[in-house]
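J.: Construct the entire structure; sequences and hints are all you get.
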Amino acid sequence: PTATTMNNCIDFTIFAPTDQAFEESLPDTTLRLSLLTNPEYRTHLTNVLLLHVLTGSFTLTNFTTNIAQQQVQWETESAVPIIISMNNFNGALFVNDARIIEPNNVFANNGIVHTINRVLLPPFMTTNIIQVLEQDGNFETLLTLLDAAGLTNGLRGNGPFTLFAPTDDAFDLWPMGVLQTLLTEIPTLTSIISYHILPNTILLSNEMTENEQIPTLQGE
Numbered sequence: 615p616t617a618t619t620m621n622n623c624i625d626f627t628i629f630a631p632t633d634q635a636f637e638e639s640l641p642d643t644t645l646r647l648s649l650l651t652n653p654e655y656r657t658h659l660t661n662v663l664l665l666h667v668l669t670g671s672f673t674l675t676n677f678t679t680n681i682a683q684q685q686v687q688w689e690t691e692s693a694v695p696i697i698i699s700m701n702n703f704n705g706a707l708f709v710n711d712a713r714i715i716e717p718n719n720v721f722a723n724n725g726i727v728h729t730i731n732r733v734l735l736p737p738f739m740t741t742n743i744i745q746v747l748e749q750d751g752n753f754e755t756l757l758t759l760l761d762a763a764g765l766t767n768g769l770r771g772n773g774p775f776t777l778f779a780p781t782d783d784a785f786d787l788w789p790m791g792v793l794q795t796l797l798t799e800i801p802t803l804t805s806i807i808s809y810h811i812l813p814n815t816i817l818l819s820n821e822m823t824e825n826e827q828i829p830t831l832q833g834e
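Quick note, the sequence shown lines up with residues 615 to 834 if you use this note's numbering.
Hints should not be assumed to be uniformly reliable.
[Stated by the list, open to error] Restraint ranges, calculated between C-beta atoms of paired labels, are given here:
no.	residue 1	residue 2	range
1	Phe636	Gln687	23 to 33 Å
2	Ile697	Ser819	24 to 34 Å
3	Ala784	Glu637	37 to 47 Å
For the record, the hints were derived by calculation from the structure and aren't laboratory data.
Positions of the beta carbon are idealized from the N, C-alpha and C atoms, including for glycine.
T.: This is how it looks when you write it as structure tokens:
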């Protein structure tokens, strides 16, 4: 929630992971520490936390009233919605893959808290850069070049990285034969593709400034 909504005394529903949930959902202690201490991960941390917040107070009864046998999508304070579903066998309620456990329906003067047994993770926490490119479908040429340059496995790693990703249409603007030539000149190819990668950095588009110089994986 923003400072503005908090000051307007809006009620919230919080899905609160236990300490054990954080340890099990984020077993990489380096990642947990980075989320808490590394400024480059601040946006990630904010998005993770806001995924656990609904505007308004909702009890378990509110969630189950219209679920029946279908899943119900709820908008969160993050840009990513959540799915609340019910196990028809035992009546257990789930938020994505996290189960609502005791204590729940805990009221506060500005909302309500439900305990969950897992941390809700947005897609960017479970999908690496290569997977994003593969799922999009507009980066087949880039994926081929990354693989040829030996950069694919690196971009599957923990990062953080910022990738300026040319689409297939962008590569189509190159003169005929350039791609085929680069695939036979791997050092040159690696240099070009590395120039599109910022290592150890998460740079959002709204954080970019004109004429700013940022070192790339290529070294310039």
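J.: Run every hint past the structure and note whether it holds.
T.: To see whether the hints hold, each was checked on the structure:
1. As the Cβ distance of Phe636 to Gln687 is approximately 25 Å, the hint placing it in 23 to 33 Å holds.
2. Range check, Ile697 to Ser819: about 28 Å between beta-carbon atoms, so the 24 to 34 Å window is met.
3. Take Ala784 and Glu637: their Cβ atoms lie about 43 Å apart, and the range 37 to 47 Å holds.
This entry satisfies every hint, going by the numbered hints stated previously.
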